[in-house]
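Undergrad: Given next are the chains, with one letter for each unit.
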Amino acid sequence: MNSRYLFGEAWAIAKSGPRHTAIAVVLIALAFYVPGLFALLSRNLGRLAGSAREPAAAILTLDASADARGVAARVTEDPRVAKVTIVGSAAALERFRRAYPDLGGAIADLGEAPFPPAIEVSLKPSAPPRAAREIAVAARSWPGVDAAESEEEFAAKFRDGVRLLRGAGLFLGGLLTVAAILSVASAVRLALDLHRDEIGIMRRMGATETAIRAPFWLHAFFEGLAGGALALALLYATYRGAAYFLSREPHPVLALFWVGFLDLPTALALPAVGGAAGFLGSLLSLSKSPKS
Amino acid sequence: MTPEERTAGGAPMIQLFRVCKDFGPFRHALSEVSFTVERGEFVFLTGPSGAGKSTLLKLLFREELPTSGQIVVNGRNIGVLPDGQVPYFRRTLGVVFQDFKLIGRKTVYGNLAFVQSVLGLSRGEQKRRAYQALKRVGLHHRMNSLPSELSGGEQQRTAIALAIVNEPVLLLADEPTGNLDPVLSEEIMKLFSEINIRGTTVFVATHDVDLIRRMGHRVLTLEKGKLRERDMAREALAREAPFLPG
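As they're listed, the protein sequences go chains U and S. Here the first sequence is numbered in our numbering, starting from 82 and rising by one per residue. Here the second sequence is numbered in our numbering, starting from 20 and rising by one per residue.
One or more of the hints may lead you astray.
[Said to hold, decoys possible] List time: in silico DSS-like cross-link candidates among lysine-lysine, alpha-carbon distance up to 27 Å:
hint, chain 1, residue 1, chain 2, residue 2
1, S, 243, U, 96
2, S, 125, U, 96
3, S, 243, S, 77
4, S, 77, U, 96
Because the hints were derived from the structure by calculation, they are not lab data.
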């Protein structure tokens with residue numbers, strides 16, 4: 082068996098059923114696009130979580146008209162508090178610009194401050210673990226305080242959110258990957274039918290089963306690889322499209338986390354896993370192929 | 020490698036020892052069939068439709084396994100041949116069918132080159148062998164034609180070229196003239212004779228009695244899965260079956 086035969090026949094198989102090849106590639110692309118999108122969202126959310134400058138035990142979000150100094154003074158009356166930091170709208174914006182320089186353009190044109198003023202509360206090392214939660218609960222009823230959450234609560238909710246997103250992505254990804262494998266298996270099965278006579282001739286002439294099946298394996302691998310690559314291209318187009326949209330129509334929440342594309346290993350994993358799924362689909366299909 | 024070089028010593032080319040083939044409990048395709056074909060022989064297998072000719076060829080080609088008995092081809096007991104060895108065994112044979120069985124999307128040369136590329140031969144070797152085989156069947160001038168552009172006789176000659184391109188020691192043919200007129204049938208048989216003269220054992224299954232008579236070679240007749248008695252009497256090796264490894 083030589084490479085000319087192997088690649089030539091794999092190409093001939095693809096050409097013999099162009100519609101089915103195209104459908105299989107698109108199905109694989111869709112199967113990997115959806116989990117890819119989840120990976121993109123969770124990566125950006127993860128980046129947001131990791132971008133906090135310094136850990137605060139509780140964050141009090143204030144109304145725009147609130148007396149920030151008054152609220153801060155009231156917080157410091159609690160003996161468990163070590164330090165309070167008033168973060169004004171402008172300071173929050175500046176922090177954001179430093180954390181996400183690539184989004185600078187998106188918010189530069191904003192007429193008003195997108196971030197409300199807030200007070201970050203740090204506790205003494207001797208403070209018990211429940212202190213942050215107690216301070217946040219108490220502060221919610223104070224005038225001028227729009228919302229108050231302990232870091233523990235916020236982090237837990239955030240972690241849960243990201244975990245849920247990743248779980249949903251993995252579940253959907255797994256489900257769609259199985260669908261992709263089955264669609265490749267069915268496309269290979271069809272190709273086998275179309276090439277039944279050739280396979281008969283090959284067997285008669287003394288071709289080994291490996292030589293007969295290898296072009297089908299290669300064809301399915303490339304089908305998966307192309308599907309994965311297409312999914313990657315679609316994801317990049319989605320990312321660029323959304324970034325372009327956000328630069329024209331800045332959104333205070335979306336703009337926060339839509340800042341980076343998939344990292345290189347994850348991006349390369351899409352076509353690689355696609356290729357593996359294609360190969361697996363062909364194995365599944367060819368394992369049922371009758372021998373003469 | 021010439022056919023002579025690929026043979027296993029001086030043993031007969033085909034030996035069948037009390038071979039039976041059943042398809043289910045009630046369909047006995049072959050019963051107690053025993054015969055020998057020597058190296059370099061040209062033998063016809065004849066009999067009415069349903070007599071078991073095609074089944075016998077499938078057994079010789081190891082497409083089917085016998086229910087009982089032993090089949091030795093080119094010194095190999097093919098009943099006990101491991102599955103992995105079957106392709107290598109088949110490379111020493113050539114097979115021709117009634118319905119030509121060519122790859123429609125490839126040219127005459129492409130058909131011949133394709134099967135050789137599957138076997139891993141170099142392009143130079145593929146060209147040399149394909150040209151030689153096509154020259155032997157008189158089709159070297161049509162090597163760039165598609166099978167659909169050929170006449171029935173030319174298609175069958177291409178199928179024969181495909182069967183001999185690997186220089187087999189044994190050529191099996193199942194009703195090779197079934198789709199051809201008498202003139203073309205005679206032409207194909209002459210071609211088989213030429214191949215036989217060059218040292219290849221030829222075993223042809225056909226029900227064309229006139230053709231067999233004109234060719235004048237040895238004939239084995241199957242009737243309802245059994246070798247006709249007068250043929251059996253000639254087969255001295257019907258007595259004991261020596262076991263040979265695959």
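Undergrad: Straight-line Cα separation of residue 125 of chain S and residue 96 of chain U no greater than 27 Å?
TA: Roughly 14 Å between the alpha carbons, so the hint for residue 125 of chain S and residue 96 of chain U holds.
Undergrad: Between the alpha carbons of residue 243 of chain S and residue 96 of chain U, is the straight-line distance 27 Å or under?
TA: 46 Å, violated
Undergrad: Tell me if the straight-line CA distance from residue 77 of chain S to residue 96 of chain U falls inside 27 Å.
TA: Violated. Residue 77 of chain S to residue 96 of chain U sits at ~33 Å, over the 27 Å cutoff.
Undergrad: Within 27 Å, alpha carbon to alpha carbon, are residue 243 of chain S and residue 77 of chain S?
TA: Judged against 27 Å, a Cα distance of about 17 Å means the pair holds.
Consistency note: the structure conflicts with the earlier hints numbered 1, 4.
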